[in-house]
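> In terms of the numbering used here, the sequence shown opens at residue 1 and continues consecutively.
I should point out that these hints are in silico values taken from the structure, not numbers from a laboratory. Do not rely on the hints blindly, as some may be mistaken.
Quick list of the computed label-pair ranges, beta carbon to beta carbon [stated by the list, open to error]: (1) 151 to 111: 18 to 26 Å; (2) 88 to 62: 36 to 44 Å; (3) 73 to 135: 25 to 33 Å; (4) 39 to 80: 31 to 39 Å; (5) 57 to 119: 17 to 25 Å; (6) 39 to 90: 29 to 37 Å; (7) 31 to 96: 27 to 35 Å; (8) 62 to 89: 20 to 28 Å; (9) 77 to 132: 24 to 32 Å; (10) 113 to 144: 19 to 27 Å; (11) 5 to 52: 24 to 32 Å; (12) 5 to 147: 49 to 57 Å; (13) 106 to 144: 53 to 61 Å; (14) 68 to 108: 28 to 36 Å.
Since this is a predicted model, take the numbers as computed values, not measurements. Ideal placement from N, C-alpha and C gives every residue a C-beta, glycine not left out.
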Amino acid sequence: MKSNKILNILIAAIALIGGFLFIRVFMEDTDAIETDVDVANSVVSPLIYYSTYLFYAAVIITIGLSLISLVRNPENLKKTLGGLAILGVLLLVAYFLSDSEAVYNAAGEIESGGEEGSAVNKWVGTGIWYSVILGGIASLFFVWDLLKGLVKS
């Protein structure tokens, strides 16, 4: 019960600080924020930094709690590592399917950073193929589930 009260106080404090920073932005003139760098830095920057730090904290806490949960339950750890291994194999397949050919713009010129053999091109192609493979697998499971539902009814 006590930890719940502490959590509520922490949430309220975070919300109050965020609300205060947000209201400070609206108290300033829009033109002044857009034209005067000092005003923008004094009003908008603290809100952005606060939001960024909250995001980092949320990510770190989420990953930390997930890891603690996995360590406490070895059976889930085995399932998670198996799933990650399968995703790794699919990533390798996507990597070998991708190419690193030159990327041309509408004028027929090679884009900056899109030269043939570029590592960026290879990884972008890998990401595209990875999405296609995972989307195909998801589609198969969707159709399978749909067919199972039709057979049961």
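> Does each hint hold? Answer for all of them.
Status of the hints after comparison with the structure:
no.	hint	verdict
1	151 to 111: 18 to 26 Å	violated, 50 Å
2	88 to 62: 36 to 44 Å	violated, 22 Å
3	73 to 135: 25 to 33 Å	holds, 30 Å
4	39 to 80: 31 to 39 Å	violated, 48 Å
5	57 to 119: 17 to 25 Å	violated, 33 Å
6	39 to 90: 29 to 37 Å	violated, 49 Å
7	31 to 96: 27 to 35 Å	violated, 54 Å
8	62 to 89: 20 to 28 Å	holds, 26 Å
9	77 to 132: 24 to 32 Å	holds, 30 Å
10	113 to 144: 19 to 27 Å	violated, 41 Å
11	5 to 52: 24 to 32 Å	holds, 28 Å
12	5 to 147: 49 to 57 Å	holds, 51 Å
13	106 to 144: 53 to 61 Å	violated, 41 Å
14	68 to 108: 28 to 36 Å	violated, 55 Å
Of the numbered hints listed earlier, those contradicted by the structure are 1, 2, 4, 5, 6, 7, 10, 13, 14.
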